[in-house]
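Here the sequence shown is numbered in this note's numbering, starting from 1 and rising by one per residue.
These aren't lab readings, by the way, just hints derived from the structure by calculation. Note that the Cβ used here is the ideal one computed from N, Cα and C, for glycine as well. Be a bit skeptical, because a hint or two may be false.
[To be verified] Derived lysine-lysine pairs resembling BS3-like cross-links, with alpha carbons at most 25 Å apart:
1) Lys-60 with Lys-109
2) Lys-96 with Lys-138
3) Lys-60 with Lys-116
4) Lys-126 with Lys-96
5) Lys-96 with Lys-109
6) Lys-109 with Lys-53
7) Lys-114 with Lys-44
8) Lys-138 with Lys-60
9) Lys-66 with Lys-138
10) Lys-114 with Lys-159
[Unchecked claim] Here are the computed distance ranges between Cβ atoms for each label pair:
11) Ser-86 with Asn-40: 15 to 23 Å
12) Ser-144 with Ser-103: 20 to 28 Å
13) Lys-49 with Thr-121: 29 to 37 Å
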Amino acid sequence: MNNLTVVATLLLVFILSGCNDIILKNTDENGELSGDSPPNAYIKVDNNKYSTKLGSYCWKTGCVDKVGPVELLKDKEPIQVRADESITLRMEYSPKPSEIHLSQISNGKENDVKLKDNQFTAPHEKGIYYYNYGVWWKDEEEESLSHGDASYVFVLEVK
Numbered sequence: 001m002n003n004l005t006v007v008a009t010l011l012l013v014f015i016l017s018g019c020n021d022i023i024l025k026n027t028d029e030n031g032e033l034s035g036d037s038p039p040n041a042y043i044k045v046d047n048n049k050y051s052t053k054l055g056s057y058c059w060k061t062g063c064v065d066k067v068g069p070v071e072l073l074k075d076k077e078p079i080q081v082r083a084d085e086s087i088t089l090r091m092e093y094s095p096k097p098s099e100i101h102l103s104q105i106s107n108g109k110e111n112d113v114k115l116k117d118n119q120f121t122a123p124h125e126k127g128i129y130y131y132n133y134g135v136w137w138k139d140e141e142e143e144s145l146s147h148g149d150a151s152y153v154f155v156l157e158v159k
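With the hints as extra help, turn the sequences into a complete structure.
Rendered as structure tokens:
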């Protein structure tokens with residue numbers, strides 16, 4: 001082997017070892033989700049990152065019940081977006097949730113929002129829209145068993 005091959009091989013081993021640690025750091029020795037509360041989630045709009053607010057959740061430390069998105073965000077300034085702009089939901093946590101759901105609340109009505117690759121499109125009409133992003137870490141073998149769940153809320157204003 002030449003020096004370039006040795007360096008490339010060592011680099012690959014280093015990268016793979018680093019990725020393995022990332023996967024393991026969010027689970028304990030039994031594979032259970034780690035941390036005292038669910039991980040943070042954020043949205044990306046036009047390469048800008050915006051935090052969401054943690055709503056109700058159940059985690060290994062217990063369950064916390066909070067008010068709905070509109071009440072939880074009453075003092076939060078809406079994130080400004082353009083009509084039909086692409087918005088991405090992100091969570092830097094592994095394992096990723098096995099089930100996700102997004103709903104939109106506007107004018108007192110709640111509607112499901114279709115997600116594709118954790119992305120959705122901002123509404124076409126101007127206005128203020130509240131969102132509830134629900135995630136679940138379901139058991140791989142027993143579908144009705146959840147290891148944790150969380151809701152994240154955010155508010156958009158279409159200009």
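The hints, checked one at a time:
Proximity of Lys-60 to Lys-109 is assessed by CA-CA distance (about 33 Å); at most 25 Å being required, the pair is judged violated. For the suggested pair Lys-96 and Lys-138, the alpha carbons sit about 10 Å apart, so the restraint of at most 25 Å is met. Using a Cα cut-off of 25 Å, the hinted pair Lys-60 and Lys-116 is violated, with the two alpha carbons roughly 29 Å apart. About 33 Å separates the Cα atoms of Lys-126 and Lys-96, which puts this hinted pair outside 25 Å; it is violated.
A threshold of 25 Å between alpha carbons decides the hint, and for Lys-96 with Lys-109 the separation of about 29 Å lies outside it, so the pair is violated. For the proposed pair Lys-109 and Lys-53, the alpha carbon gap of about 21 Å is at most 25 Å, so the pair holds. At roughly 17 Å between alpha-carbon atoms, Lys-114 and Lys-44 fall within 25 Å of each other, so this suggested pair holds. Taking the CA atoms of Lys-138 and Lys-60, the gap is near 13 Å; set against the 25 Å cutoff, the hint holds.
A C-alpha spacing of about 22 Å is found between Lys-66 and Lys-138, which places the hinted pair at or below 25 Å, so the restraint holds. The suggested pairing of Lys-114 with Lys-159 holds, with an alpha-carbon distance near 21 Å, which does not exceed 25 Å. Hint check: Ser-86 to Asn-40, Cβ distance near 21 Å, so the stated range 15 to 23 Å holds. Between Ser-144 and Ser-103 the beta carbon distance is about 22 Å. The supplied range of 20 to 28 Å therefore holds.
At about 18 Å, the beta-carbon gap between Lys-49 and Thr-121 misses the expected band of 29 to 37 Å.
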